[in-house]
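Quick note, the sequences are listed as chains A and B, same order.
First residue of the first sequence: 0, per numbering that gives the first Met the number 0; consecutive thereafter.
First residue of the second sequence: 0, per numbering that gives the first Met the number 0; consecutive thereafter.
Keep in mind that the hints were calculated from the coordinates and are not lab data.
These figures come from a predicted structure and were not determined experimentally.
Warning: the hint list may mix true and false statements.
Identical copies look the same in the list; a pair holds intra-copy or inter-copy alike.
Derived pair list, reagent style DSSO-like, types lysine-lysine, alpha-carbon separation capped at 27 Å [to be verified]:
#: 1; residue 1: K100; residue 2: K12
#: 2; residue 1: K20; residue 2: K100
#: 3; residue 1: K12; residue 2: K1
#: 4; residue 1: K46; residue 2: K100
#: 5; residue 1: K1; residue 2: K80
#: 6; residue 1: K20; residue 2: K1
#: 7; residue 1: K12; residue 2: K46
#: 8; residue 1: K80; residue 2: K100
#: 9; residue 1: K100; residue 2: K82
#: 10; residue 1: K12; residue 2: K82
#: 11; residue 1: K46; residue 2: K1
#: 12; residue 1: K20; residue 2: K80
#: 13; residue 1: K1; residue 2: K100
#: 14; residue 1: K82; residue 2: K46
#: 15; residue 1: K1; residue 2: K82
#: 16; residue 1: K20; residue 2: K46
There are 2 protein chains.
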Amino acid sequence: MKELKERILREGKNLGGGILKVDSFVNHQVDPHLMDACGLEFARRFKDIGATKILTAEISGIAPALTTGIHLGLPVVYARKHKPITMPDQVFLTLSPSHTKGRTVELIISPEYLAGGERVLIIDDFLASGATILGLARLANTAGAVIVGIGALIEKSFEGGRQALAHLNIPIESLACIRSMEGDQILFEEQVTL
Amino acid sequence: MKELKERILREGKNLGGGILKVDSFVNHQVDPHLMDACGLEFARRFKDIGATKILTAEISGIAPALTTGIHLGLPVVYARKHKPITMPDQVFLTLSPSHTKGRTVELIISPEYLAGGERVLIIDDFLASGATILGLARLANTAGAVIVGIGALIEKSFEGGRQALAHLNIPIESLACIRSMEGDQILFEEQVTL
Numbered sequence: 000m001k002e003l004k005e006r007i008l009r010e011g012k013n014l015g016g017g018i019l020k021v022d023s024f025v026n027h028q029v030d031p032h033l034m035d036a037c038g039l040e041f042a043r044r045f046k047d048i049g050a051t052k053i054l055t056a057e058i059s060g061i062a063p064a065l066t067t068g069i070h071l072g073l074p075v076v077y078a079r080k081h082k083p084i085t086m087p088d089q090v091f092l093t094l095s096p097s098h099t100k101g102r103t104v105e106l107i108i109s110p111e112y113l114a115g116g117e118r119v120l121i122i123d124d125f126l127a128s129g130a131t132i133l134g135l136a137r138l139a140n141t142a143g144a145v146i147v148g149i150g151a152l153i154e155k156s157f158e159g160g161r162q163a164l165a166h167l168n169i170p171i172e173s174l175a176c177i178r179s180m181e182g183d184q185i186l187f188e189e190q191v192t193l
Numbered sequence: 000m001k002e003l004k005e006r007i008l009r010e011g012k013n014l015g016g017g018i019l020k021v022d023s024f025v026n027h028q029v030d031p032h033l034m035d036a037c038g039l040e041f042a043r044r045f046k047d048i049g050a051t052k053i054l055t056a057e058i059s060g061i062a063p064a065l066t067t068g069i070h071l072g073l074p075v076v077y078a079r080k081h082k083p084i085t086m087p088d089q090v091f092l093t094l095s096p097s098h099t100k101g102r103t104v105e106l107i108i109s110p111e112y113l114a115g116g117e118r119v120l121i122i123d124d125f126l127a128s129g130a131t132i133l134g135l136a137r138l139a140n141t142a143g144a145v146i147v148g149i150g151a152l153i154e155k156s157f158e159g160g161r162q163a164l165a166h167l168n169i170p171i172e173s174l175a176c177i178r179s180m181e182g183d184q185i186l187f188e189e190q191v192t193l
């Protein structure tokens, strides 16, 4: 998606170690119009997969999942990383290594909002190693739901997430796919024309 | 706002101790269309205050802040509760007691995204004691920004947040204002007609 790639080139910062800082429009400050455009694009790409629910992980997945939900007319569930007091004692819980946090985090979903038979579209901000998305897929499977699609704003193809998710055999879409980051140079899989 | 109040009456659960569970449409599962309608309503109420930025706190404030941002055409910043590795070492940080967490949480904003002179509209899911919103206001003031409005999806007027924020002398809007919760009975300040 041209608009997102241009924004990454303009404002994204390679912090080294595979970390791309996009705090000015995704992860701390959010550009609502860009996020809405990304949701519209996800809705276009996933309109025919028969999804019944969108699943994401707090925190930074919420914005793109919400705008996708607006355009597809589907409820959004965000997996919690800490069990709130409003959640029942029996939950779906899995552990997932977090690259940017340098530790394992919990992903928790209440059985109230993920039922057997649901067709789940996973939306997240990043597809890197695929660990978070695999965690969400495990939770969905435990609930008896089926994952029918995966969408990420930004894919870092050099971290192998797409391969790690290949066995799911479902469409995986990213709106900006980064092939490499060397110093200030960020290269996309499809060359962007500015 | 009729649609939100009806939803609270239909799906909200009084868990006791002043805790209202709205996990099925706000805090864990999100209804994107309802959230979009709430954003539109906030945009209508705050269209003339000259805001330049929307500020909220992760996690549950993100959805209503984002839809308000879409309709007002303003960037959204969400205060983080844990400093991510993408954030610089020098940050604005304040402590805020969390009623639902039973402990103090940090609210952190990078100076990159909150500058002196900004006119800040705070949007959050709940206005209860006002502690989180006061924390956000402290951060904004430290940054040299001015708070020009406060919006909450759900106000619990019996927890006194509006009084705690009165000294700010700015418009405070809630879309559903709960006067009392007794057992299964949730009463609004303005009686809702179903």
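Against the structure, the hints come out as follows:
1. For the identical chains of this complex, K100 and K12 are intra-copy neighbours only, at 18 Å inside a copy versus 34 Å across copies, given an alpha-carbon limit of 27 Å.
2. Taking the shortest alpha-carbon separations for K20 and K100, only the intra-copy value of 14 Å comes in at or below 27 Å, while the best inter-copy value is 29 Å.
3. For the identical chains of this complex, K12 and K1 are intra-copy neighbours only, at 18 Å inside a copy versus 44 Å across copies, given an alpha-carbon limit of 27 Å.
4. Proximity of K46 to K100 under the C-alpha cut-off of 27 Å is found in neither arrangement, the shortest distances being 33 Å within a copy and 38 Å between copies.
5. Taking CA atoms no more than 27 Å apart as the test, K1 paired with K80 passes in neither setting, with 32 Å inside one copy and 32 Å between copies.
6. Taking the shortest Cα distances, K20 and K1 sit within 27 Å of each other inside one copy (18 Å), while across copies they are farther apart (40 Å).
7. Within a single copy, K12 and K46 get their C-alpha atoms no closer than 32 Å, and across copies no closer than 34 Å, so neither meets the 27 Å cut-off.
8. Within a single copy, K80 and K100 get their C-alpha atoms as close as 12 Å, and across copies as close as 13 Å, so both meet the 27 Å cut-off.
9. For the identical chains of this complex, K100 and K82 are neighbours both inside a copy (18 Å) and across copies (10 Å), given an alpha-carbon limit of 27 Å.
10. Within a single copy, K12 and K82 get their C-alpha atoms only as close as 33 Å, which misses the 27 Å cut-off; across copies the closest is 17 Å, which meets it.
11. Proximity of K46 to K1 under the C-alpha cut-off of 27 Å is restricted to the intra-copy arrangement: shortest distance 20 Å within a copy versus 31 Å between copies.
12. When the C-alpha separation of K20 and K80 is checked against a cutoff of 27 Å, the pair qualifies both within a copy, at 21 Å, and between copies, at 18 Å.
13. Taking the closest pair of Cα atoms, K1 and K100 never come within 27 Å of each other, the shortest separation being 29 Å inside a single copy and 41 Å across copies.
14. For a Cα distance limit of 27 Å, the shortest separation of K82 from K46 qualifies neither inside one copy, at 32 Å, nor across copies, at 36 Å.
15. When the C-alpha separation of K1 and K82 is checked against a cutoff of 27 Å, the pair qualifies neither within a copy, at 38 Å, nor between copies, at 30 Å.
16. With identical chains, the CA atoms of K20 and K46 are never at most 27 Å apart, being 30 Å at best within one copy and 32 Å at best between copies.
This entry does not satisfy hints 4, 5, 7, 13, 14, 15, 16, going by the numbered hints stated previously.
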